[in-house]
Amino acid sequence: MTKEKLIILGSGPAGLTAAIYAARSGLGPLVIEGSIPGGQLMGTSFVENWPGETRIPGPDLMQQIRLHAEARGARIISGTVATIKPLENAFQLTLTSRKEFISQSVIIATGAIPRRLNCPGEDIYWGKGVSTCSTCDGTFFTNKKVYVVGGGDSALENALFLTQFTPQVSIIHARDTLSATDENLLKKVLGHPQIVVHYKTAVSAIKGDGERVTSVILTNLKDQSTSTHQLDGLFLAIGHVPNTDFLQGIVTLSDSKHIVVSQGTNTSIPGIFAAGDVVDFRYRQAITAAAEGCKAALDSYNYLKNSTLPLN
Numbered sequence: 010m011t012k013e014k015l016i017i018l019g020s021g022p023a024g025l026t027a028a029i030y031a032a033r034s035g036l037g038p039l040v041i042e043g044s045i046p047g048g049q050l051m052g053t054s055f056v057e058n059w060p061g062e063t064r065i066p067g068p069d070l071m072q073q074i075r076l077h078a079e080a081r082g083a084r085i086i087s088g089t090v091a092t093i094k095p096l097e098n099a100f101q102l103t104l105t106s107r108k109e110f111i112s113q114s115v116i117i118a119t120g121a122i123p124r125r126l127n128c129p130g131e132d133i134y135w136g137k138g139v140s141t142c143s144t145c146d147g148t149f150f151t152n153k154k155v156y157v158v159g160g161g162d163s164a165l166e167n168a169l170f171l172t173q174f175t176p177q178v179s180i181i182h183a184r185d186t187l188s189a190t191d192e193n194l195l196k197k198v199l200g201h202p203q204i205v206v207h208y209k210t211a212v213s214a215i216k217g218d219g220e221r222v223t224s225v226i227l228t229n230l231k232d233q234s235t236s237t238h239q240l241d242g243l244f245l246a247i248g249h250v251p252n253t254d255f256l257q258g259i260v261t262l263s264d265s266k267h268i269v270v271s272q273g274t275n276t277s278i279p280g281i282f283a284a285g286d287v288v289d290f291r292y293r294q295a296i297t298a299a300a301e302g303c304k305a306a307l308d309s310y311n312y313l314k315n316s317t318l319p320l321n
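Numbered as in my numbering, the sequence shown ends at 321 without a single skipped number.
Everything labelled a hint here was simulated from the structure, so no lab data went into it.
In this text the structure is predicted, and so the values were computed from the model without any measurement.
Each statement offered as a hint is correct.
The list that follows gives simulated cross-link-like pairs (lysine-lysine, DSSO-like), each with its CA atoms no further than 27 Å apart:
| hint | residue 1 | residue 2 |
| --- | --- | --- |
| 1 | K94 | K266 |
| 2 | K14 | K108 |
| 3 | K314 | K14 |
If you anchor each label on the Cβ, the simulated ranges turn out as follows:
| hint | residue 1 | residue 2 | range |
| --- | --- | --- | --- |
| 4 | L195 | K314 | 40 to 50 Å |
| 5 | Q294 | R33 | 18 to 28 Å |
| 6 | N152 | M10 | 51 to 61 Å |
| 7 | E109 | T261 | 16 to 26 Å |
| 8 | K12 | R33 | 15 to 25 Å |
| 9 | E62 | E97 | 38 to 48 Å |
| 10 | E79 | I296 | 15 to 25 Å |
| 11 | L104 | R291 | 24 to 34 Å |
| 12 | N311 | D232 | 58 to 68 Å |
| 13 | N152 | L195 | 25 to 35 Å |
| 14 | E109 | G37 | 14 to 24 Å |
| 15 | L230 | R64 | 33 to 43 Å |
| 16 | D232 | Q294 | 34 to 44 Å |
| 17 | P129 | L195 | 24 to 34 Å |
For every residue, glycine included, the Cβ atom is placed at its ideal position computed from N, Cα and C.
Use the sequences and the hints to build the structure in full.
Printed below as a string of structure tokens:
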């Protein structure tokens, strides 16, 4: 069983920034990538608010940060943690592959996962026309009919990205106004000739031929009437939920399943720290996640420095 000083769970901005700071502090961190290597920015077409980068593709930015972490000595492996078991002086981590590690400290930066519609047909056609990543799957829908569900910044960004592949993109939004906060993005979408917005509308079911999505049933939230719309692709952008299910009963979670922290990035268990979207339910920005990753690495370093207990 491998023994480590610090294991970082997650490889998004929070996890990899923590790796950079921890490596520079001499902790020799091991990063376990998680279910989405690189985090949510891997599905972002362009990032325009990262200091020093006017406009950069999300995957390119994450590759830069990853190379930076590796150059400082961080080790990065693929895998997803299934369980964490507190020991007397350390923690036992078991991956879904059943590989096991022992670590004196842990930084949880597992991010958030896309929220699902939980409607009939969603599970059947997940990956068969239902997607949460236009950057990943957009090219598969060239000259096809696509819909985007959501009204926030992510939904609008998805819709804009898809216009380069298809002549019309429809946005389905439950409210009577879009909820995006980026004014420039709003102007682009509302003035775009290829984008149509359906307000006060929700997806009530997803239909298909057994192999691919063929249509959706939409509900008009004003009068509860329903209608069937033919389509080839449905992209969901309705928010995210923190990836903390594996922490139930280990650290204190809020009602929204975010990790509760105090005095920086300390969780309810000494030696376990948290950063990024598993904690942040308000700002949810790459730069704030990176900042929290920095703090978590410093908190972990101070915890280990002040610990006189040997690694069992």
